[in-house]
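Residue numbers (numbering that gives the first Met the number 0), protein chains in the order written: chain L, 0 to 442; chain X, 0 to 323; chain U, 0 to 317.
Some clues are possibly wrong.
Here are the in silico distance ranges between beta carbons for each label pair [said to hold, decoys possible]:
| no. | chain 1 | residue 1 | chain 2 | residue 2 | range |
| --- | --- | --- | --- | --- | --- |
| 1 | X | Pro-239 | U | Glu-209 | 46 to 54 angstroms |
| 2 | U | Ile-20 | L | Thr-418 | 49 to 57 angstroms |
| 3 | U | Leu-301 | L | Thr-418 | 51 to 59 angstroms |
| 4 | X | Phe-170 | L | Thr-418 | 37 to 45 angstroms |
| 5 | X | Ile-218 | U | Met-33 | 29 to 37 angstroms |
Listed next, the in silico SDA-like pairs over lysine to any residue satisfying Cα-Cα at most 20 angstroms (straight line) [unchecked claim]:
| no. | chain 1 | residue 1 | chain 2 | residue 2 |
| --- | --- | --- | --- | --- |
| 6 | U | Lys-141 | X | Ile-37 |
| 7 | U | Lys-97 | U | Pro-47 |
| 8 | U | Lys-56 | X | Ile-136 |
| 9 | U | Lys-304 | L | Met-3 |
| 10 | U | Lys-18 | X | Arg-75 |
| 11 | L | Lys-420 | L | Ala-403 |
| 12 | L | Lys-99 | X | Arg-75 |
No lab work stands behind these hints: they were computed from the structure.
Values in this document were obtained by computation on a predicted structure and should not be read as measured data.
C-beta atoms are modelled at their ideal positions from N, C-alpha and C, and glycine is treated no differently.
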Amino acid sequence: MKTMLKTGAAFGLAAFIAAVGQTRAEASELTLCWAAWDPANALVELSKDFEKQTGITMKFEFVPWPNFADRMLNELNSGGKLCDLMIGDSQWIGGSAENKYYVKLNDFFDKEGIKMSDFAPATVYAYSTWPKGTPNYWALPAMGDANGWFYRKDWFARPELQAEFKAKYNRDLAPPKTWDELKQVAEFFQGRDIDGKKVYGAAIFTERGSEGITMGATSALYSFGFKYETEPGSYRMEGAVNSDDAVKGLEFYKSLYKCCTPPGYTDSYMTEGLDAFKSGQVAMMMNWFAFMPGMYKDEKVGGEHVGFFVNPAEKVPASTLGGQGMSVVANTGNMEGALAYIKWFAQPEVQKKWWTLGGYSCLNAVLNDPSFKSSQPFAAQFLEAMANVQDFWQVPSYASLLQAMQKRLHDYVVADKGTAKEALDKLIVDWTEVFKEEGKISN
Amino acid sequence: MTMVTTEEEAQVRVADHASRTTSPSVTRRVRGLSDRAIAWAFIAPTILLLLAINIFPLIWTIYLSFTNYQANRPNRPITHVGTKWYQEILNSPDVWAAMQATAHFVFWTILLQTLIGFGLAYLIDRKFRGHAFWTTIILIPMMLSPAVVGNFWKFLYQPQIGLFNYIVSFFTGIPPSSFEMLGSVSLSPWSIIIVDTWMWTPYVMLICLAGLRSIPDYIYEAAEVDRASPWRQFWSITLPMALPFIMLAVLFRRIENFKMFDMVNLLTGGGPGSTTEVASITLKREAFEKWRTGYSSAFAIILFVAVFGLANIYVKALNRVKQR
Amino acid sequence: MSQVLTTAHSVVAPSPLSKRIAGTIVILYAVISMIPLAWILMTGFKTPPDSIAYPPKLVFDPSLEGYCNLITTRTRQTQDYIQSLGAPKTTCDEITRKRDMVIAGPSNYLPRFWNSLIIAFGSTFFAVSLGVLSAYAFSRFKIPLADDLLFFILSTRMMPPIAVAIPIYLMYRELGLSDTKLGMILLYTAVNVSLAVWLLKGFIDEIPKEYEEAAMIDGYTRLHAFFKVVLPQAATGIAATAIFCLIFAWNEYAFAVLLTSGEAQTAPPFIPTIIGEGGMDWPAVGAGTTLFLIPLLVFTVLLRKHLLRGITFGAVRK
Chain L
0 MKTMLKTGAA FGLAAFIAAV GQTRAEASEL TLCWAAWDPA NALVELSKDF EKQTGITMKF
60 EFVPWPNFAD RMLNELNSGG KLCDLMIGDS QWIGGSAENK YYVKLNDFFD KEGIKMSDFA
120 PATVYAYSTW PKGTPNYWAL PAMGDANGWF YRKDWFARPE LQAEFKAKYN RDLAPPKTWD
180 ELKQVAEFFQ GRDIDGKKVY GAAIFTERGS EGITMGATSA LYSFGFKYET EPGSYRMEGA
240 VNSDDAVKGL EFYKSLYKCC TPPGYTDSYM TEGLDAFKSG QVAMMMNWFA FMPGMYKDEK
300 VGGEHVGFFV NPAEKVPAST LGGQGMSVVA NTGNMEGALA YIKWFAQPEV QKKWWTLGGY
360 SCLNAVLNDP SFKSSQPFAA QFLEAMANVQ DFWQVPSYAS LLQAMQKRLH DYVVADKGTA
420 KEALDKLIVD WTEVFKEEGK ISN
Chain X
0 MTMVTTEEEA QVRVADHASR TTSPSVTRRV RGLSDRAIAW AFIAPTILLL LAINIFPLIW
60 TIYLSFTNYQ ANRPNRPITH VGTKWYQEIL NSPDVWAAMQ ATAHFVFWTI LLQTLIGFGL
120 AYLIDRKFRG HAFWTTIILI PMMLSPAVVG NFWKFLYQPQ IGLFNYIVSF FTGIPPSSFE
180 MLGSVSLSPW SIIIVDTWMW TPYVMLICLA GLRSIPDYIY EAAEVDRASP WRQFWSITLP
240 MALPFIMLAV LFRRIENFKM FDMVNLLTGG GPGSTTEVAS ITLKREAFEK WRTGYSSAFA
300 IILFVAVFGL ANIYVKALNR VKQR
Chain U
0 MSQVLTTAHS VVAPSPLSKR IAGTIVILYA VISMIPLAWI LMTGFKTPPD SIAYPPKLVF
60 DPSLEGYCNL ITTRTRQTQD YIQSLGAPKT TCDEITRKRD MVIAGPSNYL PRFWNSLIIA
120 FGSTFFAVSL GVLSAYAFSR FKIPLADDLL FFILSTRMMP PIAVAIPIYL MYRELGLSDT
180 KLGMILLYTA VNVSLAVWLL KGFIDEIPKE YEEAAMIDGY TRLHAFFKVV LPQAATGIAA
240 TAIFCLIFAW NEYAFAVLLT SGEAQTAPPF IPTIIGEGGM DWPAVGAGTT LFLIPLLVFT
300 VLLRKHLLRG ITFGAVRK
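Generate the whole structure from the sequences, applying the supplied hints.
So this is what it looks like as structure tokens:
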């Protein structure tokens, strides 16, 4: 017993010494933080060139989406030193700029001749600038993204289904152009037997914990004519957030959830959707463009089996914005290396390779290339979606606003509490509270 | 082995002592002083650590609860808001909903764990062959990490591919994809109760077992002499004598489940909607997602007070059990 | 008279039938309660398609894919590229390539496991060291307000961790202890020291005072007697206490998820974030969970005699 204790104590002491002697990242190392998803793996592949050129070792910290914002905002707020480079969400820019968590890149861009006018304007606006739309840059647009749709091209192409659909709806079974059409297609497939397996209409976002259901529902809401304010910048939400159009859009999203999703998709986001689609459970899936390159390469449902379409319109064409910019974390111990990485990443040839490996470049030179549209079966759709993107509140208090919306939407859509109008009314109350605290709305 | 060493050393010491010339009274005085010094020197590090890691932060929390401080806006000037947060929390329907979810969870887990736990202890106390082995097996779930195992239960609860639904459907004939333990408003509160009961019934069982074993045989023998029926013996001897132990188990579980976070956070995350949003999850959302530090500090203080009340009751009951 | 005694005896020692019924029910419960753990173990050895098969597969070809996926990160590549790499070097290489992927590098699981070890052992060392000193003082000396102090020490463990984490978060931010192993060791020490004090006080109370007194009469100083007489006598108790502290630190999730992000992150907050390419990778989660639980199973068996004492803070001893 005594020997055991002594060994244990020695272990304990050794552990303590190891903890105290914890060394900080060396100058020849860089840690890049991002979400754990397909494009991140592509970036690992792309970064091998950077490692070869500079001798800097790249380390990666990838966090799954449902935990990503929590973990990384926590990391930034705590003044941690985990990340040298951060590919953070568009909504983080405000807070990170205000608190100087990110390094302002204007001087660096000027010095290195990196021009923001070389990047797609919507991405520069969303991923880089704070205050919004001013020439103050806190990130390099790194990954363009929007919410789109995947569908089973092979199922849609079956003659017997084509005929049955035509007889029922008097139009071709094709990627839907409006939400009403989408719901018809989803209903058409819901519960159907395909190759001896029961399939379902569509996988949509219903996740409660982070941002899932907001990103999913806004895809419908924006198309139905939902607006955040009656006039941009006025913070007057009554009549915009709870307009008749908004109510109709939210009711529609719930009816789609009720009629046409697979069982158990009550808390599903990107990974659950991909699971459903890859296992052949659903005819359509809402998901980010970021997953399209990976899906197209999939052994089972890729290639000929899969097609892609832009988020359907209703009143207006609109897509929910995703995507991120790449920022330098102010706390970095290797500023030089971090800036060198951004400089390397901004080069047109690297950006081109980024696109071929499965990332979405925001560089005009890549996007406007005549061969771009035909380079991938989702390239043209990507350009179309990016032309009509809308984003959530991009303000430093976005997290509170998002949490409120998550709660109200999930309570209404999944937990069956109250009506759509009530949910949106309550949302205005929640948001008003936040803006009052912020001093944006006077009491 | 240990004793031998000590005795040998003691003998050496005796010789040592004999050769000393210090007067007995001086020795006693020095020892008396050093006893006290030792006492404080031994306790001080613990107290200092707790002051630094528990008490100082607690005072800080109290201060913050009267401000509008937000941890993600460190550069914003702090303003004092008085008791605004306390009023807001106590009047918030969402907070009360969370408290209700917590109460539902605490009530049912304790009820189920006590019934099953006591039942198991009663059966194990029959001392059938191999009872020691099976008791150890039963104890395993409570030693495991609620977070890591709770995370895996998410998989067990999947409709279609999950084992839980499959087993239920195997015995009842209900199709496994026809119900969603985690996703439905009516079932999700039970999904967390089931996992907690699975994990912590052994805990209650173990304490109850100690209670049953503490009852001396002669009491039963006396009851036999009085020809008391087994039923009567159970109600007038077994249950009352084991009661303090059951209470102890209940109190421990109440405090633990009142602050429940890890398992529920991983299993349902508070959903669907806010159905299983227990108090700790609400607090986490306010503090570490919305970063309303002032508000959540006030919420934390309210929870502190509630727990402190529980702890007080608990320590009193604990002393009563100990005095037996 | 003799008959009465026999009957009485039979009640205290239950009849063979009631024993058999009791045994059957208890064993049934034990077996059912082990199903989730068996499923974790099995899932770790399934392939990803097998793990999500419907209906759930009880019989399957065991595979190491889950364990490979647990310790590696992988990228999807074209067949041509994979063929250009030459023959696979390891079993994991081979398994990965069958899925049209190549191993890009190690995953974060082993570093997180290592963090768990360092933080658990480090904090246990301090908690037990501090605890044994305080416990001795409370056991042997008259300390003013001893009961209040003991209650104070215990009450710190009753606080909801999320509530405690708010100020700790701010404090660690100021001190630069955020996401450091040292910070986590200090925090877990503070949480565990209350358990250590209460448990060890019980164990030391059981050591007769006469031992030390005899030693002191023999000329030992108090300190000497403590180290040479009391500590060896308390060895078993110290070991049991240490294991309880280890288990707490090993299992802890709430503080870890809020106060660490990478450098000092332990396994519990990491395991739920293991995902595969696209969907959840349940075999990898099963594998990670299995490895994480093995030490706990060993501890449970080692501790079974002291479990009761540990879970009741020493209130119930036998």
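For each hint, the structure was consulted:
1. Checked against the hint of 46 to 54 angstroms, the pair X:Pro-239 and U:Glu-209 fails, with Cβ atoms roughly 37 angstroms apart.
2. Between U:Ile-20 and L:Thr-418 the beta carbons are some 55 angstroms apart, a value that agrees with the proposed interval 49 to 57 angstroms.
3. One distance hint, 51 to 59 angstroms for the beta-carbon pair U:Leu-301 and L:Thr-418, holds here, with the actual separation near 58 angstroms.
4. For X:Phe-170 paired with L:Thr-418, a C-beta distance near 39 angstroms keeps the hint of 37 to 45 angstroms intact.
5. In this structure, X:Ile-218 and U:Met-33 meet the distance hint of 29 to 37 angstroms, their C-beta atoms being roughly 36 angstroms apart.
6. Distance check on the hinted pair: U:Lys-141 and X:Ile-37 sit about 12 angstroms apart at the alpha-carbon level, within 20 angstroms; holds.
7. Of the supplied pair hints, the one linking U:Lys-97 and U:Pro-47 holds, its CA atoms being roughly 13 angstroms apart against a limit of 20 angstroms.
8. Among the hinted pairs, U:Lys-56 with X:Ile-136 is inconsistent with the structure: their alpha-carbon atoms are about 25 angstroms apart, more than 20 angstroms.
9. With a CA separation close to 17 angstroms, the supplied pair U:Lys-304 and L:Met-3 stays within the 20 angstroms bound.
10. A hinted pair counts as satisfied when its Cα atoms are at most 20 angstroms apart, and U:Lys-18 with X:Arg-75 does not qualify at roughly 70 angstroms.
11. Proximity of L:Lys-420 to L:Ala-403 is assessed by CA-CA distance (about 15 angstroms); at most 20 angstroms being required, the pair is judged to hold.
12. About 13 angstroms separates the Cα atoms of L:Lys-99 and X:Arg-75, which keeps this hinted pair within 20 angstroms; it holds.
The structure is inconsistent with the numbered hints 1, 8, 10, although it conforms to all the rest.
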